[in-house]
Amino acid sequence: AQQPTEPTAGDGGGTPTLTEPAALRRLLGALPRAVEVTVEANPETVTAELAALLVEQGVDRVSLGAQSFQPQLLAVLERSARPEDVRRAVGLLRAAGIDNVSLDLIYGIPGQGPADLERDLAEALALEPEHVSAYELEAKPGTRFTHAHGAELVRQAEAVEGYFELVVDRLTEAGYRWYETANFCRAGDRDLRARHNLGYWLGHDYLGLGVGAVSTSSGRRWRNAPSLRGYVEALEHGEPPAREVEELDEDVRAAERLLLGLRLDEPLRLDGLRWAVDPAALARLAARGLVVTD
Numbered sequence: 309a310q311q312p313t314e315p316t317a318g319d320g321g322g323t324p325t326l327t328e329p330a331a332l333r334r335l336l337g338a339l340p341r342a343v344e345v346t347v348e349a350n351p352e353t354v355t356a357e358l359a360a361l362l363v364e365q366g367v368d369r370v371s372l373g374a375q376s377f378q379p380q381l382l383a384v385l386e387r388s389a390r391p392e393d394v395r396r397a398v399g400l401l402r403a404a405g406i407d408n409v410s411l412d413l414i415y416g417i418p419g420q421g422p423a424d425l426e427r428d429l430a431e432a433l434a435l436e437p438e439h440v441s442a443y444e445l446e447a448k449p450g451t452r453f454t455h456a457h458g459a460e461l462v463r464q465a466e467a468v469e470g471y472f473e474l475v476v477d478r479l480t481e482a483g484y485r486w487y488e489t490a491n492f493c494r495a496g497d498r499d500l501r502a503r504h505n506l507g508y509w510l511g512h513d514y515l516g517l518g519v520g521a522v523s524t525s526s527g528r529r530w531r532n533a534p535s536l537r538g539y540v541e542a543l544e545h546g547e548p549p550a551r552e553v554e555e556l557d558e559d560v561r562a563a564e565r566l567l568l569g570l571r572l573d574e575p576l577r578l579d580g581l582r583w584a585v586d587p588a589a590l591a592r593l594a595a596r597g598l599v600v601t602d
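All residue numbers for the sequence shown refer to this note's numbering, where the first residue is 309 and numbers rise by one.
These aren't lab readings, by the way, just hints derived from the structure by calculation.
Don't take each hint at face value.
[Said to hold, decoys possible] With a straight-line cut-off of 25 Å between C-alpha atoms, the simulated DMTMM-like cross-links for lysine to aspartate or glutamate are:
1. 448 - 469
2. 448 - 602
3. 448 - 386
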């Protein structure tokens, strides 16, 4: 889990709903009170009992890794969840009282075409989620997946821009706010943006707990070593886990604040950052209508 310094709590990766129920209850019960508590879940792990446990422990937002509603594409991704698992999971979460559900979708999957993505978006919208995250598939070089689908991944890379435009068009047409590069939330009286992730994009400090987790605080960033055995052994001996530490100087912090802030649909305030902006480059972008300055 990763905890920004603002009062939100969220899952930073993995599948916490695979955790044994008593351990998950203990973990969630140890979290501080927060204005938003998000848990990520694979659809096939969601049961009525799990949904009740999450609500009991203060979880008010669940992010489901749907990825696709096409069985052949789920097989390519080696996902065990089926489309009906996603629908069932949403129903169970709604019945338990979760009124903020997010669906993750992936595009650029080997074998995928525009019609497949159209169907995925239609299936997702039919479930009326409060939030949708749509990500381009990232295949790590040198992995088994890349070796198996290399040529098709090249073809998909050429189609990604079209997929991205399709995602934006369909979700905004359906009344979702495109508030961040890959994230959309239903418009209305409630602010349904992912508060936890907003902390990253707005340059807030955050605390990461767990194997390989990253934290940023007071001008430093550290990453716990990605060794499960080393992490557990360190904790058993009452020692902090091994970690890599990066000092974030003023230039790095300013550059990150600019790059991450530009992902959002709200104006980026340059107070304290104007020195890091190239005025000539900014003028060129403004002349082409790519940015608006005041």
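Going through the hints against the structure:
1. Restraint check for residue 448 and residue 469: satisfied, since their Cα atoms lie roughly 19 Å apart, inside the 25 Å limit.
2. Taking the CA atoms of residue 448 and residue 602, the gap is near 41 Å; set against the 25 Å cutoff, the hint is violated.
3. Pair hint residue 448 plus residue 386 holds up; C-alpha atoms about 15 Å apart against a cutoff of 25 Å.
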